[in-house]
Each structure stands twice: as C-alpha cells, then as structure tokens.
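Trainee: What follows is the residue order along each chain.
2 protein chains.
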Amino acid sequence: MITGYGIVAKELIKLLSEKQELLIDTYKISFKVTAIVGSKGMIYEEAGLDLPKLLQYGAGSTALMRYAREQRLSLQPPIFREDMLIECSPTDVQTGGAALEYIKNALQANMNIVSVSKGALVCAMPELLKMAKEKECKIKYSGATAAALPTLDIGEFSLAGCKITKIEGILNGTSNFILTKMSEENKSFEAALQIAQESGIAEANPDLDIKGIDSACKILLLANGLLGSQLTLEDIAIQGIMEVTKRDIQHAKINGNDIKLIASASLANRDVRVEVKPKIIKSDNPLIDVKGTNKGILFYTEEMGTICCTGGASHPKGAAAAALKDMINLYR
Amino acid sequence: MITGYGIVAKELIKLLSEKQELLIDTYKISFKVTAIVGSKGMIYEEAGLDLPKLLQYGAGSTALMRYAREQRLSLQPPIFREDMLIECSPTDVQTGGAALEYIKNALQANMNIVSVSKGALVCAMPELLKMAKEKECKIKYSGATAAALPTLDIGEFSLAGCKITKIEGILNGTSNFILTKMSEENKSFEAALQIAQESGIAEANPDLDIKGIDSACKILLLANGLLGSQLTLEDIAIQGIMEVTKRDIQHAKINGNDIKLIASASLANRDVRVEVKPKIIKSDNPLIDVKGTNKGILFYTEEMGTICCTGGASHPKGAAAAALKDMINLYR
Numbered sequence: 000m001i002t003g004y005g006i007v008a009k010e011l012i013k014l015l016s017e018k019q020e021l022l023i024d025t026y027k028i029s030f031k032v033t034a035i036v037g038s039k040g041m042i043y044e045e046a047g048l049d050l051p052k053l054l055q056y057g058a059g060s061t062a063l064m065r066y067a068r069e070q071r072l073s074l075q076p077p078i079f080r081e082d083m084l085i086e087c088s089p090t091d092v093q094t095g096g097a098a099l100e101y102i103k104n105a106l107q108a109n110m111n112i113v114s115v116s117k118g119a120l121v122c123a124m125p126e127l128l129k130m131a132k133e134k135e136c137k138i139k140y141s142g143a144t145a146a147a148l149p150t151l152d153i154g155e156f157s158l159a160g161c162k163i164t165k166i167e168g169i170l171n172g173t174s175n176f177i178l179t180k181m182s183e184e185n186k187s188f189e190a191a192l193q194i195a196q197e198s199g200i201a202e203a204n205p206d207l208d209i210k211g212i213d214s215a216c217k218i219l220l221l222a223n224g225l226l227g228s229q230l231t232l233e234d235i236a237i238q239g240i241m242e243v244t245k246r247d248i249q250h251a252k253i254n255g256n257d258i259k260l261i262a263s264a265s266l267a268n269r270d271v272r273v274e275v276k277p278k279i280i281k282s283d284n285p286l287i288d289v290k291g292t293n294k295g296i297l298f299y300t301e302e303m304g305t306i307c308c309t310g311g312a313s314h315p316k317g318a319a320a321a322a323l324k325d326m327i328n329l330y331r
Numbered sequence: 000m001i002t003g004y005g006i007v008a009k010e011l012i013k014l015l016s017e018k019q020e021l022l023i024d025t026y027k028i029s030f031k032v033t034a035i036v037g038s039k040g041m042i043y044e045e046a047g048l049d050l051p052k053l054l055q056y057g058a059g060s061t062a063l064m065r066y067a068r069e070q071r072l073s074l075q076p077p078i079f080r081e082d083m084l085i086e087c088s089p090t091d092v093q094t095g096g097a098a099l100e101y102i103k104n105a106l107q108a109n110m111n112i113v114s115v116s117k118g119a120l121v122c123a124m125p126e127l128l129k130m131a132k133e134k135e136c137k138i139k140y141s142g143a144t145a146a147a148l149p150t151l152d153i154g155e156f157s158l159a160g161c162k163i164t165k166i167e168g169i170l171n172g173t174s175n176f177i178l179t180k181m182s183e184e185n186k187s188f189e190a191a192l193q194i195a196q197e198s199g200i201a202e203a204n205p206d207l208d209i210k211g212i213d214s215a216c217k218i219l220l221l222a223n224g225l226l227g228s229q230l231t232l233e234d235i236a237i238q239g240i241m242e243v244t245k246r247d248i249q250h251a252k253i254n255g256n257d258i259k260l261i262a263s264a265s266l267a268n269r270d271v272r273v274e275v276k277p278k279i280i281k282s283d284n285p286l287i288d289v290k291g292t293n294k295g296i297l298f299y300t301e302e303m304g305t306i307c308c309t310g311g312a313s314h315p316k317g318a319a320a321a322a323l324k325d326m327i328n329l330y331r
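Chains as they are written, first to last, in numbering that gives the first Met the number 0: chain A, 0 to 331; chain B, 0 to 331.
The hints are simulated quantities; they were obtained by calculation from the structure and are not laboratory data. One thing to keep in mind: the hints can contain errors.
Cβ-Cβ distance ranges computed for the label pairs, FRET-style [claimed, not checked]:
hint: 1; chain 1: A; residue 1: ASN109; chain 2: B; residue 2: ASP234; range: 47 to 53 Å
hint: 2; chain 1: A; residue 1: ARG331; chain 2: B; residue 2: ILE23; range: 18 to 24 Å
hint: 3; chain 1: A; residue 1: ARG331; chain 2: B; residue 2: LYS52; range: 33 to 39 Å
Keeping only pairs whose Cα atoms sit at most 20 Å apart, straight-line, the calculated EDC-like set for lysine to aspartate or glutamate is [to be verified]:
hint: 4; chain 1: B; residue 1: LYS18; chain 2: A; residue 2: GLU301
hint: 5; chain 1: B; residue 1: LYS252; chain 2: B; residue 2: GLU183
hint: 6; chain 1: B; residue 1: LYS186; chain 2: B; residue 2: ASP288
hint: 7; chain 1: A; residue 1: LYS210; chain 2: A; residue 2: ASP91
hint: 8; chain 1: A; residue 1: LYS134; chain 2: B; residue 2: ASP288
hint: 9; chain 1: B; residue 1: LYS162; chain 2: A; residue 2: ASP283
hint: 10; chain 1: A; residue 1: LYS281; chain 2: B; residue 2: GLU183
hint: 11; chain 1: B; residue 1: LYS165; chain 2: B; residue 2: ASP24
hint: 12; chain 1: A; residue 1: LYS276; chain 2: A; residue 2: GLU301
hint: 13; chain 1: B; residue 1: LYS162; chain 2: A; residue 2: GLU20
hint: 14; chain 1: A; residue 1: LYS276; chain 2: A; residue 2: ASP288
hint: 15; chain 1: A; residue 1: LYS27; chain 2: B; residue 2: GLU155
hint: 16; chain 1: B; residue 1: LYS252; chain 2: A; residue 2: ASP288
hint: 17; chain 1: A; residue 1: LYS290; chain 2: B; residue 2: ASP288
hint: 18; chain 1: B; residue 1: LYS210; chain 2: B; residue 2: GLU274
hint: 19; chain 1: A; residue 1: LYS13; chain 2: B; residue 2: GLU301
hint: 20; chain 1: B; residue 1: LYS13; chain 2: A; residue 2: GLU301
hint: 21; chain 1: B; residue 1: LYS281; chain 2: A; residue 2: GLU202
hint: 22; chain 1: A; residue 1: LYS18; chain 2: B; residue 2: GLU301
hint: 23; chain 1: B; residue 1: LYS134; chain 2: A; residue 2: ASP288
hint: 24; chain 1: B; residue 1: LYS210; chain 2: B; residue 2: GLU301
hint: 25; chain 1: B; residue 1: LYS132; chain 2: B; residue 2: GLU155
Nothing here was measured: the structure is a model prediction, and the numbers come from that model. Glycine included, C-beta positions come from ideal geometry on N, C-alpha and C.
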C-alpha cells in the first residue's frame, strides 16, 4: 500500500515494475502493490494493480482517477489491511500532515512502514516507535534521511555492534550549494542564494533549507534511529546559514579550512546532543570535499574509527530506490 | 567456532566478551564461543569458553595451551559441529592454506561462515559459494575486503535492489601511503617505500601490497560477491605501483589530478571486467581525497548515482569489529 502518489511514488512504481524478476532472482521477494492513496481517495485491487498501465498516466491524483476509470474501479476511502505501507505524502514538519494519520493507522493494522516523507517522523517519532514496538512492526525511513546517500543503513548494518559516538553530516544539498558558491566564487550569501534559485536548486521560499530545518529533521531521525534518543525538533539548537559572510568563509580558507552547514548528533554521557549550525570544517575532515548539491555523512565509532559516506543521486528515482532498498531489507 | 587465534581473533574475543549485554539488548542475539582452533589443536567447551579468562593469556597457540592447562582441557583435533565458523587463520593466497580446509569442513557440517582471512576465498570462491548454496549456508567476509571500511555491506544492504555498474576502490593502505608520499612530497617510489617500511606501514617484503595483489584479492571478492562473477585471481589484470615515477605523478597534478592504485570491477555486457592498476584520478573523483593509509570505495549505480565510502580503522580491533558485524547481520 502506498500513500501519496507524487513523483517519487511514481518512480517507485516504475522500479517495482521493471525489477520484478531481479527481486525474485536475487532476494526471493515479490512485491504486489494493491492500494494507492491519493488526495481524492484510494485505488485498490486485491490481485495487485496493473503497474505498467498505471505508469501510462503520470503521477498525482489525476493518474489514480484515470486508472480507476480505465479499470472500472471506484475511488474509496483508505483502508489499512496490507503487509506494508510506503508513505510518500507531501512532508509537513509542523503537524505531520496526513502522513501521520496514515502511519498510525497502518501500525494499528500491524503493517511495516517504509517512510519516504519525513514530516510524520519528525513530529511524532517517539510515539510511532513505541507503537511499532507494541505491534512488532518495523519503521524504515532511508528516503527521509538523505535518500540515495546511505545513512541509516551504515549505522544499522555496516556498523552493527559498534558504538557510534558521533554523527556529523552535510544533509542538505541546497545550503551546501550556496556555501560552496560563497567559498569557491567569493559570492555573498544573497548572491549565492539567487544563483541557487535561478538554477532551480533553491525554492522560491528557501526557508526550510537555508534556516537549517531540513538538516535538523534529518539528523533528528538519525539520532533517534541510531543513537537511541527520543528527541523532537524543539530539542535541537538550529542555526541556518543566512548570517555566514564572505569574510567568515575567506577567513576559514586561509588555513585550508572551510565553512559547512553541519548537522551533528553526539553522545555526551547518557545524553544525545543534536545541533545544526554552520561550522568551520578542518582541511582533514573528509566532509570538506563535499561540494555543491552533494551530501555526506561521517560516523565516529569506538571500534572502526571514522567512516565517511558521500554522494547519492538526489533525483526522485534515487529517493524511490532508497524506498525499494528499505522494502527489500525489511523482508530479506 | 574460531579457527586461527592471532591478534584479530583475540580482539574479537574481547569484543564478544565486552558486548554481551549490548548484543542481547540491541539485537536479541547471544553468541557462545565453544571452540577455538590454533596450530597445536582445538580447545573446546560445550558450555562456552570462559572469555575473560582466555583474554588473560594473549593471542596465539600459547594462549590456547595455557587456557587448556588452567581449565584442565586437552587440545584436540578440530571437529566441525557448531552453527558458525569465524575463520581467522593466516592468509595464504597461493593455496588457501589451512583456512580452505576449515571452511570446507564447516560448510559440510552446515555451518555459516564469517571469514576474516581472504586466502581461501580468493583461491576457491566459486567452489565455496556453490557448496554454501547446496548446504543453505551463508558466507560473509567483510573482514577480508578492507575490514572496517564498509564495502560488501554497502552493496548488499545500502544498494539493495540497485544495479551496480562499476566498483572502483583504493583498497590497499600501504600502496596508497607510498603514492601519497610521492605526490605530496615529490619522493621517488624507492624513497617513499623506504619511509613506509621505516614507519612499519610496509612489510620487509612488500610485494603483496606494491604489486597490487592484495588489492586484486579484495576487488575479486567484491566482484564475485556483488556483481555475480565467478572469477579467480588469474582472471585479473594486475599492475603494481613499482613503475610509477615522480614525473608521472607531477604530470597528473598539473591539472589537479593524481595517480592512485585503483582496483576496479565493471559490468561490460554480461561480463565482469576486473583489473588493478595505477590510474590517473581526476580532481572531481572523490577517491582523490583518500590519502595516506586510508582506503575508499566508489560504487556507480543506475538508480542512486555514485556512492563513495572512505575511512575505517585498519587496526586489528577494526577487523574484529567487521567480523562481529558480519556475525550480527547473519543472525538478525
């Protein structure tokens, strides 16, 4: 069952449709999409929706309505009774939006959750994790924490058994693009933001990115998922990049350093301290080489030293592939 | 059951001893070490060896003999009858050494394998994978493919469902140290090798490292594990770094590039092409920032773009933690 049928959900349908054989061959898993919920209601077919047909109609509720008409189905209110929910609704970090209700309903119905949107998790993660534990369900959310860049997986699988003492990340491509422009081309914040907006990287209202809120949401989810904290957005000190000046950056560069918007979570005694702020990054920190819209994450561990992961496509297909990965890892 | 009781195996015993509670709390897994095989024979206790006591005696067969004496055990020939084998014997990439027999015996006895040493896998991976499949057992070997640097896991978990088209890695710390010295301090190969030997980074006989054989073993295991090939060392074109000159490197650096010993595996039609050779790495390739004894790996995928992972401690504790991670991932 999929809630929200935007571009990422459509890309996921495409991957599922193309990779059916590969999933059986490699993982002995076969997924059937029985229900998709859009803003106008749910399409449902017990035997599984006809994915190639659905793909002809593009994304959004219009696509669902056209599919329903062609297949002689009627749109109905969402019913939660499948094995898994893939949550792809628009992110609302203020209230959690419809996604929060969808996830709660799905957990009530003992469904595993793969969340691509981050709003619901940011608003109510402790509550949702508690519900999931009671229902013996799992919640995965790679798509919500930097998508194609592996973040959660590294902590969960590659560092299994290790003590992670600190996580540092450049988790927002837009703000990193702006800081890179300021650093490499000596632009002011305003000029760099304008370039980002003109090239379609920053939105008309760039607040979520430049104020550090998007980064804060992501590091919050990572801290709660990997360091065992139960924090919400209010627990995080968040500082954006609006006040970073050309001079700050050029000053840092004298010693080969640079300024990056760093989202970090660190163990301090038994507490987990999470913050987002522009920081001077030393020349020997691998995050210094994360430039433009790229993202990166650095794990500090007691046993394995530091592990840095960078890259990952930031297009909708990358986010959809992150959701597919979570689906596979839930059932392998 | 553990075969080989060198420093890595001892570090693993230490981790298992320290992390017992954490493993139960986090993963609901409890490991019992019943048997350890050294060159003089096996110590065995059905109820589980007394790990803190064993740790008092250091590593090696002497430690096993002292433990046996204290516990009134007799050293016996290896018997394979546990759930899992952790293979830690000295690596022999020519014949596979004792490790090859240990792994075969263990698979015969339906045991899962975690291999820290790479010799047996390099020599006989297709055969061992076939045996494992017949017996429905699994073989994990993070410790043999760059240890604390996540390589296999990234492919297996973080890129689950993706098509990996190419893997490029700097997988040998010693040769990378030498090339970095040549690049940053304008040393000749011979001078840089000498520095590496004097600082204990290169061995007195550095052939495995500088001739690219160690890198070849690792990329071979990754290609066979992640790209589905069934290759052995003879299928790989291997070129070491002995003929790289100061001039080659300085020439590459004019354009901001550098020369690195790159182990690569790429899909070409239905074949997998694996090679190891010194290559010019462009300034925008994230592997260019992997310096000194550090290692790094770059995955090219169809769905998620490129993903780069660097770092990971190269000490025995890091290798032991990689084995522990494999053990957890086998049973979670």
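Trainee: All hints, please: hold or fail.
Mentor: Going through the hints against the structure:
At roughly 49 Å, the beta carbons of A:ASN109 and B:ASP234 sit within the given window of 47 to 53 Å. Between A:ARG331 and B:ILE23 the beta carbon distance is about 23 Å. The supplied range of 18 to 24 Å therefore holds. With their beta carbons about 38 Å apart, A:ARG331 and B:LYS52 fall inside the hinted range of 33 to 39 Å. Under the criterion of a C-alpha separation no larger than 20 Å, the hint pairing B:LYS18 with A:GLU301 is consistent with the structure, at around 12 Å.
For the hint pairing B:LYS252 with B:GLU183, the CA-to-CA distance comes to about 10 Å; that is within 20 Å, so the pair holds. About 19 Å separates the Cα atoms of B:LYS186 and B:ASP288, which keeps this hinted pair within 20 Å; it holds. The hinted pair formed by A:LYS210 and A:ASP91 meets the criterion: a straight-line CA distance of about 16 Å does not exceed 20 Å. Our distance criterion of 20 Å between C-alpha atoms is broken by A:LYS134 and B:ASP288, whose separation comes to about 46 Å.
For the hint linking B:LYS162 to A:ASP283, the alpha-carbon distance of about 32 Å lies beyond 20 Å, and the restraint is violated. Distance hint between A:LYS281 and B:GLU183 is fulfilled; the C-alpha atoms sit about 18 Å from each other, no more than 20 Å. With a CA separation close to 38 Å, the supplied pair B:LYS165 and B:ASP24 exceeds the 20 Å bound. A C-alpha spacing of about 25 Å is found between A:LYS276 and A:GLU301, which places the hinted pair above 20 Å, so the restraint is violated.
As the CA atoms of B:LYS162 and A:GLU20 are separated by approximately 13 Å, the hinted pair is consistent with the 20 Å bound. For the hint pairing A:LYS276 with A:ASP288, the CA-to-CA distance comes to about 18 Å; that is within 20 Å, so the pair holds. Restraint check for A:LYS27 and B:GLU155: the C-alpha separation of about 14 Å stays at or below 20 Å, so the hint holds. Note on B:LYS252 and A:ASP288: the hinted pairing holds, with a Cα-Cα distance of about 17 Å set against a maximum of 20 Å.
Distance hint between A:LYS290 and B:ASP288 is fulfilled; the C-alpha atoms sit about 13 Å from each other, no more than 20 Å. A C-alpha spacing of about 13 Å is found between B:LYS210 and B:GLU274, which places the hinted pair at or below 20 Å, so the restraint holds. At roughly 14 Å between alpha-carbon atoms, A:LYS13 and B:GLU301 fall within 20 Å of each other, so this suggested pair holds. Between B:LYS13 and A:GLU301 the CA atoms are separated by roughly 14 Å; this keeps the pair inside 20 Å, and the hint holds.
For a cut-off of 20 Å, the pair hint linking B:LYS281 to A:GLU202 is broken: about 32 Å separates their Cα positions. With a C-alpha separation of about 12 Å, the suggested pairing of A:LYS18 with B:GLU301 holds against the 20 Å cut-off. Proximity of B:LYS134 to A:ASP288 is assessed by CA-CA distance (about 46 Å); at most 20 Å being required, the pair is judged violated. Taken as a hint, the B:LYS210 and B:GLU301 pair is broken in the structure, with Cα atoms around 32 Å apart against an allowance of 20 Å.
Simply put, B:LYS132 and B:GLU155 have alpha-carbon atoms about 17 Å apart, close enough for the 20 Å limit, and the pair holds.
Of the numbered hints stated above, those contradicted by the structure are hints 8, 9, 11, 12, 21, 23, 24, listed in ascending order.
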